[in-house]
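> What follows is each chain in one-letter form.
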Amino acid sequence: MTVELRQNYNKVLENLAAELDISPSKYQQAVQRYTSVGNWIADGEYDGVQGELHIYTQGSFRLGTVVRPLKEGAESDYDIDLVCELPLKKSSTTPASLKKSIGERIKENAMYQKMLDKEKKRCWTLNYAEQDGIGFHLDILPSVPESVDLIADLIGHGIPGDIAKKSISITNRERENVYSWSSSNPNGYAEWFETIKRPVFEKMKIVQKQYIFENNKAIFNQIDEVPDQLVKTPLQRAIQILKRHRDVRFAGHEWEEDKPISMIITTLSARAYQHEMDLYSTIKNIVEKLSTLEQLLNPGIKFSGDISMLQLINRNKDGYWIIPNPVNPAENFADRWHENGNRKAKAFFQWITWVKEDLVDILQLSDVGKITKTLEQRFGDRIVSKATQGVWLSMSEIAAANAGIPHIDIDNPSKPWSY
Amino acid sequence: MEYNLSDNIEVQSLELFKVHKSLQLIEEDGSICIKGSLPFSATLYGTCPIVDCYNIKIHIPTDYPNKPPTTTECDGRIPRTFHTNPDGTLCLGSPLEVRMKFKGSLLNYVQKLIIPFLYSFSFYEKYGKLPYGELSHGSLGIVESYKELFGVSDSKIVLGLLNILARGKYRGHHDCPCGSKKRLRNCHGSQLLDLMNYQSKDEFMFDLNQCFSVIRKGRDRSVSNQYSRKS
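Protein chains in written order, with the working numbering: chain Y, 6 to 424; chain C, 157 to 387.
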């Protein structure tokens, strides 16, 4: 493996993640859409509500790890999660009336009423069909601040006060007309994630914003207008690539239902991240740490040293798997991993092996053609050809460009023929 | 009529010369040609870079742009056995494919047909094999190119689809001949309608007859061409 090949491979991975990401113009469109809905909801009248509604994004859109979803192998619309937090005491309302009051307000707007999907378990969903054919599903999540008791409990479990105080209560529709509360902390999670990425983010911010500005002058008048959310650290890029890799690898697989959830991929990647500055090292480090833990499939194994300090995946003496939510230790992302003979755990470690083969070991091939072919199998021809465009250039080509010789990338060539 | 032709050529060649600076427009024995050296740098799907240069001559037919140009390589570097027609012109692809890429533009003709062809020869010189394969000679190659175009492996399906084009009998509600059990309009229909822009019924009839003769002789089994073999 040469230094040049590694650099170029890094560039290809960067481009690949950027292709999976939402484009700056699409991002702006999404912000406009959710800001309008947010304003509409905030302007409503709600029983007992005094003061401002707090409306903010959560999930991958907030974390900057959005990947355009695949549905049945085809690119699909973006999902955006919007938390709508009413300044109400949890004890002064019920989940049913909270869910209903937000739903009523959405329906007061004729346009939103038409876009409104049938009621979901936790949210109301607006479906936006956009002119460019790439739409949005906007999930609006009604919530109130978490009760004081529960927040105190979290602090007691070692969660810093300022993060614990961001906890909210969200509604669950168990069945027709039966609702319950559950606890969540999307704001706290985002803050936890940001703390991890911040040192690298600060280093990369200026250069990336400059680049985004130069390439999107139709959208931004000056560099300052480029939002922080468009700057991507290798951690975020790695998560985007891992998520898409998972979707493609498990599509049609017998374990598709058991594929690792995005929250697990995001949490473990962030925990394993060591502030690497390039994407290849980031993915390599994440995969190497996680593949070591595969031994947990053998009962009774104990880890010590660095790997146990990271609190990635644990298994208790009863064989249950534990991946705690970093902002709520009571929530276990792996609570169903032991079911069906640890199938979800097995699927997870199988996937890690795949990632290692497809994205890390591939560089040992030292063959640009083979690397491209493997990536194409995993991420699709079109997207990989875009990501590799102009990257695998040799010195002779750079010389050609300097000498003014036109360069052409051949795609879809005709086979020669003759009479 | 003639005036229109040269006017069109002049505009198109200016566009071409902006990119490919060493080519020039000349008149030779009463016909129009574009001649000169064609240096290029090319990659295939972003990989396998090749920088090379050929001396070429592009012949503009009198009924341009209804008919695409033809091209010869002037230094004898490409042997006559390598996909050249009996008249010495390079065979850039099946006739229909050439039209679909040419689309009435000289720049397209150079960048989507000539350079990919020259690239494949340079690649062959360098590595001893062809980068994107080749079609068999003659009618068999036509069958193969239609199979690829329609994405089917059965020659009889090619006949069925070509039959629609050759007779000009497109009926969207009929079953698609490819056996998908879908209606034509929901299957190969839009592709057929697009193809009608590139060739006349008679030309499709000609292709249909060629395919038919190959299939009747039972020759539609892939026979490897000399350049497909590793040397």
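Because the hints were derived from the structure by calculation, they are not lab data.
For clarity, every value in this text was computed on a predicted model and none was experimentally measured.
Careful: at least some of the hints might be erroneous.
[What the hints assert, rightly or not] Lysine-lysine pairs mimicking DSS-like chemistry, simulated, CA-CA at most 25 Å apart:
1. Y:K214 x Y:K31
2. C:K325 x C:K312
3. C:K285 x C:K174
4. Y:K119 x Y:K95
5. Y:K322 x Y:K76
6. Y:K76 x C:K338
7. C:K325 x C:K285
8. C:K213 x Y:K375
9. Y:K94 x Y:K125
10. Y:K307 x Y:K289
11. C:K325 x Y:K378
12. C:K191 x C:K259
13. C:K285 x Y:K378
14. Y:K307 x Y:K375
15. C:K282 x C:K325
16. Y:K378 x C:K303
17. C:K174 x Y:K375
18. C:K357 x C:K223
> The structure should be examined with respect to each hint, and the outcome stated for every one.
Going through the hints against the structure:
1. In summary, the hint linking Y:K214 to Y:K31 is supported, as the alpha carbons are separated by about 17 Å, within the 25 Å threshold.
2. For the hint pairing C:K325 with C:K312, the CA-to-CA distance comes to about 18 Å; that is within 25 Å, so the pair holds.
3. Under the criterion of a C-alpha separation no larger than 25 Å, the hint pairing C:K285 with C:K174 is inconsistent with the structure, at around 33 Å.
4. A C-alpha spacing of about 31 Å is found between Y:K119 and Y:K95, which places the hinted pair above 25 Å, so the restraint is violated.
5. For a cut-off of 25 Å, the pair hint linking Y:K322 to Y:K76 is broken: about 39 Å separates their Cα positions.
6. The hinted pair formed by Y:K76 and C:K338 meets the criterion: a straight-line CA distance of about 22 Å does not exceed 25 Å.
7. Between C:K325 and C:K285, the direct Cα distance comes to roughly 42 Å. Violation of the 25 Å bound is thereby established for this hinted pair.
8. Between C:K213 and Y:K375 the alpha-carbon distance is near 36 Å, which puts this suggested pair outside the 25 Å criterion.
9. Between the alpha carbons of Y:K94 and Y:K125 the distance comes to roughly 24 Å, so the proposed pair stays at or under 25 Å and holds.
10. This hinted pair checks out: Y:K307 and Y:K289 have alpha carbons roughly 23 Å apart, not beyond 25 Å.
11. This hinted pair does not check out: C:K325 and Y:K378 have alpha carbons roughly 41 Å apart, beyond 25 Å.
12. Pair hint C:K191 plus C:K259 holds up; C-alpha atoms about 21 Å apart against a cutoff of 25 Å.
13. Proposed proximity of C:K285 and Y:K378 is supported: the alpha carbons are some 18 Å apart, at most 25 Å.
14. Between Y:K307 and Y:K375 the CA atoms are separated by roughly 39 Å; this puts the pair beyond 25 Å, and the hint is violated.
15. A C-alpha spacing of about 47 Å is found between C:K282 and C:K325, which places the hinted pair above 25 Å, so the restraint is violated.
16. Between Y:K378 and C:K303 the alpha-carbon distance is near 24 Å, which keeps this suggested pair within the 25 Å criterion.
17. As the CA atoms of C:K174 and Y:K375 are separated by approximately 36 Å, the hinted pair breaks the 25 Å bound.
18. The hinted pair formed by C:K357 and C:K223 meets the criterion: a straight-line CA distance of about 15 Å does not exceed 25 Å.
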